[in-house]
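Peer 1: Each chain, letter by letter, is given below.
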Amino acid sequence: DQQVKQNSPSLSVQEGRISILNCDYTNSMFDYFLWYKKYPAEGPTFLISISSIKDKNEDGRFTVFLNKSAKHLSLHIVPSQPGDSAVYFCAASDDNNDMRFGAGTRLTVKP
Amino acid sequence: EAGVVQSPRYKIIEKKQPVAFWCNPISGHNTLYWYLQNLGQGPELLIRYENEEAVDDSQLPKDRFSAERLKGVDSTLKIQPAELGDSAVYLCASSFNSGSGELFFGEGSRLTVL
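Those protein sequences? They're chains A and B, same order as listed.
Just so you know, the numbering used here puts 89 at position 89 of the first sequence, and the rest follows in order with no gaps.
Just so you know, the numbering used here puts 28 at position 28 of the second sequence, and the rest follows in order with no gaps.
This is chain B alone, in the form it adopts within the complex (with noise of 0.2 Å):
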């Protein structure tokens, strides 16, 4: 069974452009989540979709981030401009159902800004 599937796997933007990252969860979970994780920390949650709603995005900065998953199975993260300050590791995770604890990690996208 595939795992989580995450693209691009590194990207190098200048600021200001635009950037996404696509994820493709473990075939049958329904609860989608992005996290981002700074050099040195531990992940930090942005949005979490059970199908295709998105019942917690609070860390989610709305001015230049958003997502979706509109057929409640793959997801688009998205920022729009890039900072310096977004040079980070974007995580994908899914899980079977909320509440079930155990999330299951995409390898995670790389993303550069200079």
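Just chain A, same shape as in the assembly (with noise of 0.2 Å):
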């Protein structure tokens, strides 16, 4: 069952322009969440982070944000660069450390 859900598989932005990457999630007994980044022929990296008890986290160009009612969160980036072209993994964890990924979406910034 996909209990973390990334609807939209690619997204394309300009540089210099934001990019808003979302993601949804059904299990209610998740309490923390994460974005990594991939790059090809790499593992994923850690980028951000939010626990359960927050709705916004930021941390420079990078801004989690969650909505617990609607059980959804998203990443912005403002101003996207071209070095930010990846793919971007949602993942969430409950208090057993079970974390699950979403599919990814991948992101290109065109200069």
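Be a bit skeptical, because a hint or two may be false.
Once the Cα atoms are required to be at most 20 Å apart in a straight line, the calculated DMTMM-like pairs of lysine to aspartate or glutamate come out as [unchecked claim]:
1) A:Lys5 with B:Glu44
2) B:Lys11 with B:Glu52
3) B:Lys16 with B:Glu107
4) A:Lys37 with B:Glu44
5) A:Lys37 with B:Glu107
6) B:Lys11 with B:Glu102
7) B:Lys78 with B:Glu102
8) B:Lys15 with B:Glu102
9) B:Lys78 with B:Glu44
10) B:Lys71 with B:Glu52
11) A:Lys56 with B:Glu102
12) A:Lys71 with A:Glu42
13) A:Lys37 with B:Glu102
14) A:Lys54 with A:Asp31
15) B:Lys11 with B:Glu83
16) B:Lys71 with B:Glu50
17) B:Lys71 with B:Asp57
18) A:Lys68 with A:Asp94
19) A:Lys37 with A:Glu58
20) B:Lys11 with A:Glu42
21) A:Lys54 with B:Glu102
In short, the hints are calculated from the structure, not lab data.
Both chains come to you apart, so use the hints to assemble them.
Peer 2: So, in structure tokens, the structure goes:
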């Protein structure tokens, strides 16, 4: 069962504009949410996270928003840069550290 | 500090042959994970270790897959015999302790079964 869903397989934005990547989850026991970034032929690398007690976490150009009532989170990248082009995975875990990943969204930032 | 090390990076075998993947986690990380990633999909957990104990192996196909982490440090994932559908990337990850959230991934081992 797909407990973490990223419904957009790809996203293309212009350099300097905002990128918004979306993620939905179904398991209300998830209490920690993460975004990972993956370049080709590399493993995923941690980008940013948010606990369920917060609704926003910001780190430089990256901001993650959590809407618990809608079971939805999003990653905002502003301004987007060509080096941000990668596959972004949304992940969620519960207090048993059972971490589930979405299928990923391929972001392309055009110069 | 070295990251998570996996080997081999690439492996091509014929179906019904055995294959093994090795992972050395970041020093001091108690929790080790093996994930399977199919093309166009996100990582799917196969097994999670807390030190040498497998605490979650519910998604591991035990008829052909096995894993061990005998001394609670490095780990081996084995497939015997391999099937065509096993072609995928096998990712190893580690974390300092369960519940910390952030996982550190290796570069993965890409398996092609012919």
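Peer 1: Take the hints in turn and mark each one as holding or not.
Peer 2: Verification of the supplied hints:
Distance check on the hinted pair: Lys5 (chain A) and Glu44 (chain B) sit about 13 Å apart at the alpha-carbon level, within 20 Å; holds. Proposed proximity of Lys11 (chain B) and Glu52 (chain B) is contradicted: the alpha carbons are some 26 Å apart, above 20 Å. Pair hint Lys16 (chain B) plus Glu107 (chain B) does not hold up; C-alpha atoms about 25 Å apart against a cutoff of 20 Å. Restraint check: the Cα-Cα separation between Lys37 (chain A) and Glu44 (chain B) comes to about 16 Å, which is no more than 20 Å; the hinted pair holds.
Of the supplied pair hints, the one linking Lys37 (chain A) and Glu107 (chain B) holds, its CA atoms being roughly 13 Å apart against a limit of 20 Å. A hinted pair counts as satisfied when its Cα atoms are at most 20 Å apart, and Lys11 (chain B) with Glu102 (chain B) does not qualify at roughly 28 Å. Using a Cα cut-off of 20 Å, the hinted pair Lys78 (chain B) and Glu102 (chain B) is violated, with the two alpha carbons roughly 26 Å apart. In summary, the hint linking Lys15 (chain B) to Glu102 (chain B) is not supported, as the alpha carbons are separated by about 35 Å, beyond the 20 Å threshold.
Taking the CA atoms of Lys78 (chain B) and Glu44 (chain B), the gap is about 17 Å. The hint holds against a cut of 20 Å. Between Lys71 (chain B) and Glu52 (chain B) the alpha-carbon distance is near 6 Å, which keeps this suggested pair within the 20 Å criterion. For the hint pairing Lys56 (chain A) with Glu102 (chain B), the CA-to-CA distance comes to about 18 Å; that is within 20 Å, so the pair holds. A C-alpha spacing of about 29 Å is found between Lys71 (chain A) and Glu42 (chain A), which places the hinted pair above 20 Å, so the restraint is violated.
Straight-line distance between C-alpha atoms of Lys37 (chain A) and Glu102 (chain B) comes to about 13 Å, which keeps the hinted pair within the 20 Å bound. Between Lys54 (chain A) and Asp31 (chain A), the direct Cα distance comes to roughly 10 Å. Compliance with the 20 Å bound is thereby established for this hinted pair. Of the pairs offered as hints, the one joining Lys11 (chain B) and Glu83 (chain B) holds, with about 14 Å between alpha carbons and a cut-off of 20 Å not exceeded. Between Lys71 (chain B) and Glu50 (chain B) the CA atoms are separated by roughly 11 Å; this keeps the pair inside 20 Å, and the hint holds.
For the hint linking Lys71 (chain B) to Asp57 (chain B), the alpha-carbon distance of about 18 Å falls within 20 Å, and the restraint holds. Only pairs whose Cα atoms come within 20 Å are accepted, and Lys68 (chain A) paired with Asp94 (chain A) is accepted, the gap being roughly 14 Å. With a CA separation close to 16 Å, the supplied pair Lys37 (chain A) and Glu58 (chain A) stays within the 20 Å bound. About 16 Å separates the Cα atoms of Lys11 (chain B) and Glu42 (chain A), which keeps this hinted pair within 20 Å; it holds.
At most 20 Å may separate the alpha-carbon atoms for a hinted pair to count; Lys54 (chain A) and Glu102 (chain B) meet this at roughly 17 Å.
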